[in-house]
Amino acid sequence: MIQEKIVSKRFGKVNPLSIDSYIKYDGYKGLEKAVSNHPTQVIDEIEKSRIRGRGGAGFPAHIKARALANASGPKFIVCNGDEGEPGNFKDRMLMENDPHAIVEGMVIMAYATGAKKGYVYIRGEYQNAIKIMKATIQAAEEKGFLGENILNKGFDFKLEVRSGAGSYVVGEEFSMIESIEGKPGRSRVKPPFPTDKGIHDRPTLINNVETFVNFPYIVLVGGEEFAKVGTASSTGTKLISLSGNVKNKGLYEVPFGTSIRDVIFQLGKGVRNNKPIKMVQLGGASGPIIPEYMLDMSIDFDRFENFDSKTGTGAIIVIDDRYDIFDVLLINMKFFVHQSCGKCAPCREGHIQIVNLLNKFKTHRATEKDLMSLENLAKVIQQTSLCGLGQTSMTSIISSLRYFRDDYFAKVRY
Amino acid sequence: MMLLKEILSKYPQDPEYLIEILLDYQTSKKTHYISAEDVSRISQHLDIPESQICSVISFYTLLSMEPKGRYVVQICHDVPCFVNDAANIYEVLVELLGISEGETTPDNLFTLEITECLGCCNESPAMRVNNQVYTNLTPAKVEKIISDLRGEVK
Ligand SMILES: Cc1cc2nc3c(=O)[nH]c(=O)nc-3n(C[C@H](O)[C@H](O)[C@H](O)COP(=O)(O)O)c2cc1C
Ligand code: SF4
Ligand code: FES
Chain U
1 MIQEKIVSKR FGKVNPLSID SYIKYDGYKG LEKAVSNHPT QVIDEIEKSR
51 IRGRGGAGFP AHIKARALAN ASGPKFIVCN GDEGEPGNFK DRMLMENDPH
101 AIVEGMVIMA YATGAKKGYV YIRGEYQNAI KIMKATIQAA EEKGFLGENI
151 LNKGFDFKLE VRSGAGSYVV GEEFSMIESI EGKPGRSRVK PPFPTDKGIH
201 DRPTLINNVE TFVNFPYIVL VGGEEFAKVG TASSTGTKLI SLSGNVKNKG
251 LYEVPFGTSI RDVIFQLGKG VRNNKPIKMV QLGGASGPII PEYMLDMSID
301 FDRFENFDSK TGTGAIIVID DRYDIFDVLL INMKFFVHQS CGKCAPCREG
351 HIQIVNLLNK FKTHRATEKD LMSLENLAKV IQQTSLCGLG QTSMTSIISS
401 LRYFRDDYFA KVRY
Chain P
415 MMLLKEILSK YPQDPEYLIE ILLDYQTSKK THYISAEDVS RISQHLDIPE
465 SQICSVISFY TLLSMEPKGR YVVQICHDVP CFVNDAANIY EVLVELLGIS
515 EGETTPDNLF TLEITECLGC CNESPAMRVN NQVYTNLTPA KVEKIISDLR
565 GEVK
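Protein chains in written order, with the numbering used here: chain U, 1 to 414; chain P, 415 to 568.
Just so you know, these hints were derived from the structure itself, not from any lab. Keep in mind that this is a model prediction, so the values were computed, not measured. Note that the Cβ used here is the ideal one computed from N, Cα and C, for glycine as well. Treat the hints with caution; some may be incorrect.
[Stated by the list, open to error] For lysine-lysine, the following DSSO-like pairs were computed, each having C-alpha atoms within a straight-line distance of at most 27 Å: (1) U:Lys134 <-> P:Lys424; (2) P:Lys482 <-> U:Lys183; (3) P:Lys555 <-> U:Lys269; (4) U:Lys190 <-> U:Lys117; (5) P:Lys419 <-> U:Lys134; (6) P:Lys443 <-> U:Lys134; (7) P:Lys424 <-> U:Lys117; (8) U:Lys131 <-> P:Lys444; (9) P:Lys419 <-> U:Lys183.
[As the list claims (entries may be wrong)] Interface residues of chain U toward chain P, partial, derived using beta-carbon atoms under 10 Å: (10) Ala165; (11) Lys183; (12) Phe335.
My request is simple: use the sequences and hints to build the entire structure.
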């Protein structure tokens with residue numbers, strides 16, 4: 001089987017609203033093991049596992065964890081459940097199906113780093129997940145896995161759910177910190193990084209939901225064992241949100257190194273009505289659009305790095321040949337017009353110009369000069385934007401200019 | 415106005431909880447919005463300027479200072495839904511409700527909005543009505559949802 005289930009192994013087997021059901025399924029065993037060792041050993045195992053963050057950028061998890069552990073005074077841990085990138089639903093599925101695994105991952109990190117307070121930030125659209133996570137935190141507190149003197153080991157950790165209110169950019173770390181402080185989610189200039197100055201200027205560790213769910217497993221089996229799955233640069237498994245025109249849309253878990261084609265055809269059972277694939281968008285609106293002939297590419301952070309995007313979230317959106325690439329690009333770009341926080345000009349003004357240019361192509365009014373303008377403007381936005389939104393939003397444009405150039409020429413008026 | 419007082423008392427008196435308070439209060443109101451009067455009461459309670467509250471409300475799309483219909487219908491239009499007939503579902507809603515994006519029906523029952531991805535792309539097309547998500551939409555399904563909501567009010 002091409003699926004290998006680590007983070008989704010309890011889906012459908014545990015009752016998400018029952019802590020006893022979770023405990024029966026090895027729940028909180030990772031935490032028990034973690035607290036029987038020294039905190040630094042937990043981070044050592046995470047380092048050996050070589051796990052990289054599952055929120056998109058693929059940053060090595062142990063580096064941030066160690067930075068937080070080395071900081072003194074009050075510090076915070078945040079679970080990023082904002083999942084605003086269109087095409088992704090993995091974090092919602094984790095929160096709805098195995099919420100205690102997220103709490104366990106966070107408590108393990110609290111033990112490892114000395115943080116006493118944490119937040120689970122969940123986008124406001126995910127009302128069901130918010131309800132479940134709140135109930136989960138309460139149940140974990142009642143059983144002594146959260147709160148004061150956890151497992152009688154003399155460490156405390158309090159956890160709170162924070163709700164988003166409809167903003168994509170809040171998924172970005174500094175915007176999220178602002179939002180947790182009760183403010184509009186506008187990013188800050190880095191450095192300093194959140195592990196130096198985060199919530200209320202205190203050191204803050206932010207990881208994605210799926211990243212946290214991996215931690216109990218890593219502690220339980222050991223870092224080296226974990227790293228046996230996957231590839232040299234990307235260890236472990238990846239949740240894949242498969243959507244679009246495939247027969248079996250859904251959530252799948254595969255080891256890193258699996259090809260995109262296998263996910264689409266073996267797990268997704270191919271395209272509905274057996275239509276040809278026109279394009280596949282990876283990661284979400286800020287991810288590249290690739291043609292059918294590139295589908296043998298494997299799911300791997302090193303491959304994804306070619307695209308400077310948040311491809312690493314694991315969304316795969318399949319689009320058949322009934323659709324025009326300019327419609328898809330316009331939906332992506334209008335999304336960014338809407339989601340720009342307005343703090344810096346290249347992003348605030350640039351996306352509007354990109355939409356205008358794309359509309360010219362869509363309606364056959366574009367000239368060769370427009371093609372050059374589009375190419376240049378995309379680069380300017382990518383290189384001069386303040387935060388990750390504008391730095392990654394051009395990925396679909398830039399990749400389409402590379403792989404679908406003929407579609408552009410077909411629309412140019414000579 | 416008892417309601418706002420009740421909601422304020424549920425949260426620590428700390429500006430950190432501003433967004434939670436606004437969301438909670440707005441959801442509890444039939445008109446789904448924060449009025450100027452609400453802003454000034456919350457500003458007094460949390461001891462922060464009204465302008466700060468207004469900037470928060472205008473930043474987040476789920477918060478509003480304009481009254482809305484009893485049912486806020488939000489249809490998703492991102493790529494995974496778009497390639498699964500979402501544009502057609504939007505047209506069906508326009509037809510059924512007699513309004514287009516951003517408008518409210520004259521009886522103040524429905525507001526129609528377009529939303530970003532609801533994280534249900536595995537069951538696209540999807541829409542949200544207040545806090546309830548509906549997925550795998552077809553024209554027939556949408557018609558039933560709207561007529562059921564109309565029936566609920568009668
Ligand atoms: C505009 C923007 C939106 C983002 N949205 C999310 C998100 O919804 N969820 C997420 O986990 N990370 C998101 N990220 C990435 C986070 O900033 C951060 O890298 C991540 O939460 C770190 O967790 P990880 O190391 O476990 O991946 C976003 C980044 C940017 C620039
Ligand atoms: S790149 Fe866009 S979202 Fe990021 S700070 Fe600048 S305007 Fe705001
Ligand atoms: S694109 Fe519509 S729910 Fe994700």
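Check each numbered hint against the structure and report the violated ones by number, ascending.
none
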